[in-house]
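Given the coordinates of chain A, work out where chains B, C and D should sit on it, guided by the hints.
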Amino acid sequence: MSDKHSIPGPLANEGLPLAERGLFCDAPPRQYQRANKITEAFWNWARAQSLWILGFGTGCGAIELRPLMTSRFDMYRYGIQPRPTPRQSSVFVIGGYASVKTLKRIVRSYEQMMGPKFVVALGSCTINGGMYWDSYNTIKRIDQYIPVDVYIAGCMPRPEALLAGFQELKRIIRAGRGEGQNEYARKFEWYKANQKQVIKDWNMPDYNW
Amino acid sequence: MKELITSLANRYGVRDWKDLKAGQAACFVDSGRLRDCLRWLRDEAGYAHLSFATAIDQLERGVFTLTYALRNHERGHSLLVHSEIDRTRPVVDSIHRLWAQAWTYQREMKEWYGIDFPGSPRVDEEFVLEGWQGPPMMRRDFDSLAYSDATYAERPGRASSDPAEHMKRELYPEEQA
Amino acid sequence: MSRAKAPYIAPAERAAPDLDSGKYLVMWQGPNHPGITGNMSLRLVIEGDSVVDCETHVGYLHRGFEKLMERRLWMQNFPLVCRIAVPEPDFNEYCYAAALEELAGIEVPDKAVWLRTLSLEMIRLASFLMWIGGQAGAFGHGTIAQWSVTMRDYVLDLFEELTGGRIYHMYIIPGGVRGDVPAGFLRRVLETMDTVRKNLDDIELVMFHNVVYKMRAQGLGYIPPDWVDQYGITGPNARAAGLPRDLRKDLGYLAYPRLSFEPIVGTVSDAFERSRLRLLEMYQSIDLIRQIVDMLPARGAFRAKLPNPLHWKIPAGETYVAAECTRGEYGFYVVSDGGDKPRRVAVRGPSYTHGVALMERLARGVNIADVAGLMVSLHTYPPEIER
Amino acid sequence: MNIKDFIAPFAVWKRAFEKPFTVRKPIDERPGAPRYRGFHINDAKACVGCGSCEAICMNQAIDLVPVAGLPAKEGDSGLRPRVDYGRCCWCALCVDICPSGSLGMSNEYVWVDADPEVFRYTPGVEAKPWDKSELGYRRAEGYRLLDGQRVAMPELDHQAAVQSFLELVRGYSRQQAEREADRCVACGLCVASCPAHMDIPGYIKAVRDGQLDEGLNLLYETNPFPEACGRICTHRCEAACSIGAGTGADGEPADPVAIRWLKRYIADQVELADYGRALPRAEPDSGRRVAVVGAGPGGLAAAYYLRLQGHAVTVLEKDEAGGGMLRYGIPEYRLPYPALDKDIAWIQSLGVDIRYGTAVGVDLSLADLAASHDAVYLSTGLPAPYRLDVPGDDHPRVLDGVAVLAAATRGQSLGLGKTVAVVGGGNVAMDAARTALRAGCAVDILYRRREADMPADPDEIREAKAEGARLVEKAIPLEVKAIPLEVKAIPGDPAGALVAWNEARMVQKEDGQRPVPEPIPGAVHEDRYDSIIAAIGQGPDLAFVAESDGIEIRRFKPVVASDGRTSRATIFAGGDLTNERKDAISAIADGHRAALAMDRLLRAKGN
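Sequence order for the protein chains is A, B, C and D. For the first sequence, my numbering gives the first residue as 1, with consecutive numbering after it. For the second sequence, my numbering gives the first residue as 210, with consecutive numbering after it. For the third sequence, my numbering gives the first residue as 387, with consecutive numbering after it. For the fourth sequence, my numbering gives the first residue as 774, with consecutive numbering after it.
Don't read these hints as lab results, they were simulated from the structure.
Computed, partial: chain A to chain C, Cβ under 7 Å:
1. T58
2. C60
3. S71
4. R105
5. S135
6. N137
7. T138
8. M156
9. R158
A few chain B residues that don't get close to chain C, going by computed Cβ distances all over 12 Å:
10. R244
11. G271
12. I294
13. T297
14. P327
15. D333
The beta carbon of each residue, even a glycine, is placed where N, CA and C say it ideally should be.
One chain only, chain A, in its complex shape (with noise of 0.2 Å):
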């Protein structure tokens, strides 16, 4: 599947135009290097403790993030919490269904979060097109564009539902099995070219840090 769309070599950044081309890093993602066993279950403890959400609700699954980062739910209290920018962010929550329109931004935002990085896929919509399976403009599986660590089940997930999954993702990352930014590395040319198949109009750079 991957070989036939696959680019060949270096980036090319070709969606871009000539004056912009070199603005964009043009080497492809790496994949993290871990320390020592005994540092990286630190670090991976650190991680896992301190869970910053990229705050972009692509889709009605952010609805429910407003209980949740209120006093109610107060997801502070988990080492939880709303960033407003990707560079700050280690949690890309997936609200559900994207269009094509939001696919595009969220590609771009995943890579520019730095790692490691996890994402966390709400709903149906997101695990198999749930009640959009027949849309012209939504994607149906988010796992084809950008790996995707843990789903929760639920149209809409539940706040309580939502931190059942963060605390599987804190234990997935305590355990070392935060694989998603490796797996985008790995399967970086088959990633590529779901996103460009869907993606029509690829003005942007092809890898974007």
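Below, chains B, C and D alone, put in the same frame as chain A:
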């Protein structure tokens, strides 16, 4: 109301007046006189509020039906003004100077149905879609499911059986149709 | 402070800034931005601190509802429509159900009429509560959201108990509603209303008697009364300009004619007046909910018998059903060609006009720091713009 | 702007002393509300696998999948819904529509996993933590998406009915039929239980859409007796109907769709003159000749399908009119002769030659027939009544049920007297009882088991009782005795007889077997009746088959393959003569199957 119907008929050839329910009626006007009719309704008849404007694809008859929903707040009456245009040459007068938000509806109709409103601001810009290469997607001959199946990958591994077929297979497979 | 006394009227014509001159900066606010309501974006051209030009870009949430509805049976659209406006789904359910009932000539039992009114009024309250947190937050006042979103959550708890869902209630089904109130529910509604009311008092004190909020909101985004028809403005945005337009009164749908209330009208439609008016409407909603609880019939059918949903065909016809949601006129235009699926369903969301044409005009000349506050003061939900 | 605007915001501080809103352990402390629409649960035993959930689901979230240990059987497809939580929107329309009421939702809502492939499961089959959930969404009382109540059929009232042989059931009007057809969910569970596997969902859709020609065409694809079957079919389909699987909005058991009445509606609405518009004509002549013995429903069905293929068909019938048991065994008030005649007339109009009053074995031999035709179909049915098999069963007042019904058909005087005992519990018994009621008799029905065990159609039993027949359950006949001379002398009265019978109780002899009646010692009754009608079944009469015909017969039945072929390649048999079900629709199905097999045979021979 009688007066209004008569004036509309005399001035703009408005026809097929139909009272849909208390406080709501629909009527038809030729597309060439649509803009003047709407202006008159707004300025002289008190139908000053444009609720929405949209189109209906009558694929079978080869026309688009345009619908402009106006409301007269003083009389508490809504009027759906319809006009039909040829599906192969879908061009209508723009009403962006009558209502300041009308251009967004026209931009939407341009993108969704391919109906052109010459002179309307930004009418050719993409509205909700980005990089769309298919035909205007609200047209009835555009098949959303087929497009989705062809474009977006689905999670494999699903299969369903029809109860009658399954029972035939299980209970009387020897029978032929 | 001068802005509050002599409201600034945004220019009618778009400026044509020379972007290559180096004087201007093009800045995208959204879709990934805390100062935007939901997933949409504004393309701002900025000169110094002020906005010279603004373009609204929508479509990030476009799912093609109107197309999908043409592919589904009449009843199958019932779960779909509520997704069109996430924070206020019930209006979709009501408008869709009412349009079908009108076209098919179905009489809805009285009990269902009351329960529908209850659920619409409750979601109005919940939606306002969510909005006010955003409005205060847009001006840097994060505390309000800590209270109001929790209050909203208490209302959602009621919804969960009544309908089985927190966000998407799927309760107002064509023909009536899906269930009667559970035992003790009405008592809990009244208790919750008391709690919400108490908190609203605090919010009023802290937010509306606040020098910072006043200075930032007064005079911001002034809407002259003659714009109301020109831009198709409805709801609190129009009422704040002094026009007593409230569809609950004007159309008299559901049980509203039997409730006692008056449209709340403001004087000068700026961000402050609009938010004050919405606060008053929250009090009004609480009052209406209490009235409904008082008058709700104890017995009776809550749903009319409908044909088999798998084969239901609706006679050819068209209708436009509108209702007063928190943002203004919310309506469904439904056309049937006599088949088992709609020929066309068009959704009229108030944000469509408020968030695009009106926002683009109001933003001209506004300080960049106020754009988020202005946007929220118009109370826009992007999903109903792009459907 | 005043001083308050500077001071008021500090009021926030008072909150520092209030109880916080925060929920301490949100995941553990907040179960879903009692009505919460959480993950699906399904009572796999109550579920019938009709797929209505799949049909209503606008997300295509539900697949019907086969489940190990749940084989398909009548009224249960053996499939169960599998939910894809990559699609579901938790609207619960599947719960609302579920005819059996087996689907529900738990109030559980947390399901988190790193693997996206796991979010699919078959509720009630694959174990989940929420399977036993008491709380969660169920349909509200009085709320259903489907109508559990059948459109009432207009009928003569019983007082009037018993006065005449007028047809009891009047048939649906167009509006009634379309409303009843609307109740069908087109699941197709019924098709398997119909011996002829008629396209029931198809013709019900035709009723709904008002396409009666199309409907008639579908009927004739598998059954050339729609008028007859639309009235008297044993309608196993209705027992299998998913709509009747649960309870209605009123909490009463839901009625299945009135499939039989809808079939009748189609046939009734199309005039015989218009049949040609809807139905296929016969193929050009094939040059092959087929003989059919017996013009009952099975024989004529075979004749119809053979004729459609272009074969020349001759039907030999010993009686003076066609229809077999439909005419002579079923009373007029259930199946009026014009309706039966209509079915037969259409078959004849295709060129089927029926020779009445010609008995094989008497007028000509089977061997002659086989010699002069390319194939022969035997559908002679069960003309020989079983005897009561008690002492005195040869008493002249002991009559045979079928004979009584046939006499009624022929318009002959029945001479039953005033009091009649009908012995038996099948449809023939009910028909005989009701015929006797119409002849003005007082009727007792004696049956050896309970009412619930009676093989007759429950409607028939109900109606017989409503018309005034007295049902005596658990009555085992012991003897029929002549009435002593001194009692007999009532002038003008037919001589009656005494029936001695023993009260019985039901005893569970073996677990899993149905209970058997056991006489209660000493509880013997003796009642006088003018006539005793024995209706305990009939057997075949195969006297016309000679050993030299080469047809293997075992236990009084020709041995046939599933396509009706006997041990002799060109002779086929079917209907009551060979099958177990012994009803019209099974005979028709046999006839159809055999016709297809014979057609294959004839075509093979031709090349």
